[in-house]
Every structure is written in structure tokens, then in C-alpha cells.
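**Student:** Protein chains in written order, with our numbering: chain A, 103 to 296; chain B, 4 to 171.
Calculated from the structure, these hints are not laboratory results. From the three backbone atoms N, C-alpha and C, an ideal C-beta is built for every residue, glycine too. Each hint should be verified, as a subset may be incorrect.
Negatives, chain A to chain B, calculated, CB over 10 Å [what the hints assert, rightly or not]:
1) Ala137
2) Gln166
3) Thr189
4) Gln193
5) Gln296
Pair ranges (Cβ atoms, derived) [as the list claims (entries may be wrong)]:
6) Gly77(B) with Ala226(A): 26 to 34 Å
7) Arg121(A) with Trp109(B): 47 to 55 Å
8) Arg146(B) with Glu250(A): 40 to 48 Å
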Amino acid sequence: MSALLERRSVVARVLAGRRDLAVVGGLGAATYDIAAAGDHERNFYLWGAMGGAAMIGVGLALAQPGVPVLVITGDGEMLMGLGAFATIGAQCPGNLSLLVLDNGLYEETGAQQTHTALTTDLAAVARACGIADARVVTDDVALGGFAERVHRIGNAPSLAVAKIAPSSAPKVLPSRDGAWLRARMRGAFGYPAQ
Amino acid sequence: MWPDEVFAVLKTFDVRQVAYVPDAGHARLIERARDDAAMRAVPLTTEEEGVAVLAGACLGGQRAVLLMQSSGVGNCINMLSLIRTCGFPFLALVTMRGEFGEFNGWQVPMGGASEAALRLMGIQVARADRAEDVGEVVEAAARMAYLGGAAMAVLFGQRLVGAKRFVE
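Given these sequences and hints, build the entire structure.
**Tutor:** Shown next as C-alpha cells:
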């Protein structure tokens, strides 16, 4: 049994050396982790729309097939949009990766258990939905393998469920201005704000 | 046929992603989208996924549309926060159930609340109840969404779409 990973270092490791990668962050701690790794014009942070992070990644990945897209979110956010696994399996975008930071807790709301702490195996659900490359990451070697995959375009989507420890890392708050974040990412792809 | 006019409008505006939960009233439009090499058909497990797809498509510089029936409107409510807060353009084409000759009473509560629910979330609502109006109404809504950045829904009345007939 491996020790649990530390969430900030997991996200920093996966984003290290990023070039053209676009990142969608699920609401809550995942967004803080992404911001802590360094703000970027290709980051789009969610402060609401719980359950929507993965599907925003799908729309973005289909629109920009030459750009690697990474969705980073928590187990609670992913559980709310579990159907996205089925849609991603069906669409099979090779430029989409998902990193689920799984602590088995709704840490933002008082550390209540999520279903992953009980009976749900997110990687197994994803595989059963047709996302064949769905890994459970519990050590640095596996994390490094996924980090290498994220920045490439493959033939099919990939998913990593990183088993992370509860965290008391200070909140790092990126912009909450949704319209600005939208305009910024569109600008990064060479499009006008609207 | 009016679904072909809707398809023509989507082509005119270079809509590239068509996200949908199927409805009989959208069957032909879905078929046209699936057959078009320049369009990506994105079948969903629930309509709120489509709201997020439209946002993601916009981030990546593509136009997208969401097709659903009126019961799906209720599934979208919180996800529409994304559209409003970030000012994403939005176009949903909604086939109505539960409002005209509906056999299935289970369709009535959400069908009856769909327009008000959309408006509560700040979505502008237009309606088409006659086949001859469809092209013009969808074109106007598409113009507002894709050129003006508005959040729009067009409701296709059940009288237009046709009530489902059950034989007992």
C-alpha cells in the first residue's frame, strides 16, 4: 500500500513544462491547485457548474483537436457528472485527459465522505464506459507516466485517478471573473472575446 | 421540411458541434448533423452535459448547439450558471412535450415549466408553433446567440412537432 499523494505536488508535476496544454479546473480545491502551479492564459477555472468540468473539456477538445486538453477535478465533482465518462468514451477524443484528485472527501464542505471512499471505483467506471486508458495513480512513477501522456495527442482519451491525502494547503484563488476567463482562453487560441 | 430549414441555419452560422439528447421531433435534424462531415454530433447522457459542451466549444473557437426536449430543460438549470456567469453564447433548440394533446401526463409538469425555467436562468426564449415560422425564428435566435453573444432558447411547440400517439 503506497502512501497517499500530496495534491499540490501531483498537479504541479502534471503541469510542469507545459507548452500548448489547455486546462479546465473543476470547482473547489482542484482550481486552487491549478492556480498554485501558476496562472496561465490557457487555464479555465470553474467556481460553480459542479459536474461540468469534464464536458467543458470535451467541447474544447473537439474544437481544438490539435491541442492537448486536461481536465483536473475532484472526486466529488466527477461523481456529479459521471455520465461524462460515457460521453467521452463514445466521442473518444485523443487530445483529452482527465486527472481526478481523489481524497474520498468533500473537503470544501466539511470533509464528508464521497462515494469513492465507500464503493465507487472511478477508474473502473471510466473503463467500463470505454475509456480504456484509465489508471489509478498511487506513486510518483505512475504519476510521471500520466504526466508524460497528458501533453501529447493520442488515439483515445486518458484518465488518472490520483489517490491524494487530505490537505490543509492554503487556498490559492485565481480570478472568479468568468467572462474574463472565457475571453482570455479564446484570446489564447486567437479568437475574439465573443 | 422544417428540420431541414433548421439544419440550413446551423450550416449558415458554421455550427460545428451538435450536442443532443434525442427526441422524436429532432430526429431528422440529428440525422442531418450526423451525416455532415463538418459537424460533430455529440450524443449526451443528460442535457446538462450539453450546456458544458457549448461552453467548451466556445473556449476553443467553435459554435455549438444543444438539442433536447422540454423535460431536459429542468436538467440544465444549475449548469446554465456557467453560461450566464461567463457570458457564453448559447443556443438550445427545445421540442415541447406536455403542452398540446399530450397523452403522457408525466410530461406535463416540466413541459409547462420549461419556458419559465429558462427565463428564470436568464435565457431569452423564442417560440415557433408553425412550420412556416421555424426557419425565421431559428435564424433570428442564432444571430442573437452567435453574433450578439446572447443566451437563447427556441421552443418548438408540440402542435408543430406533433403529439406522440399511443395505441391502447
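**Student:** Could you tell me which of the hints above the structure violates, numbers in ascending order?
**Tutor:** 2, 3, 4 and 5
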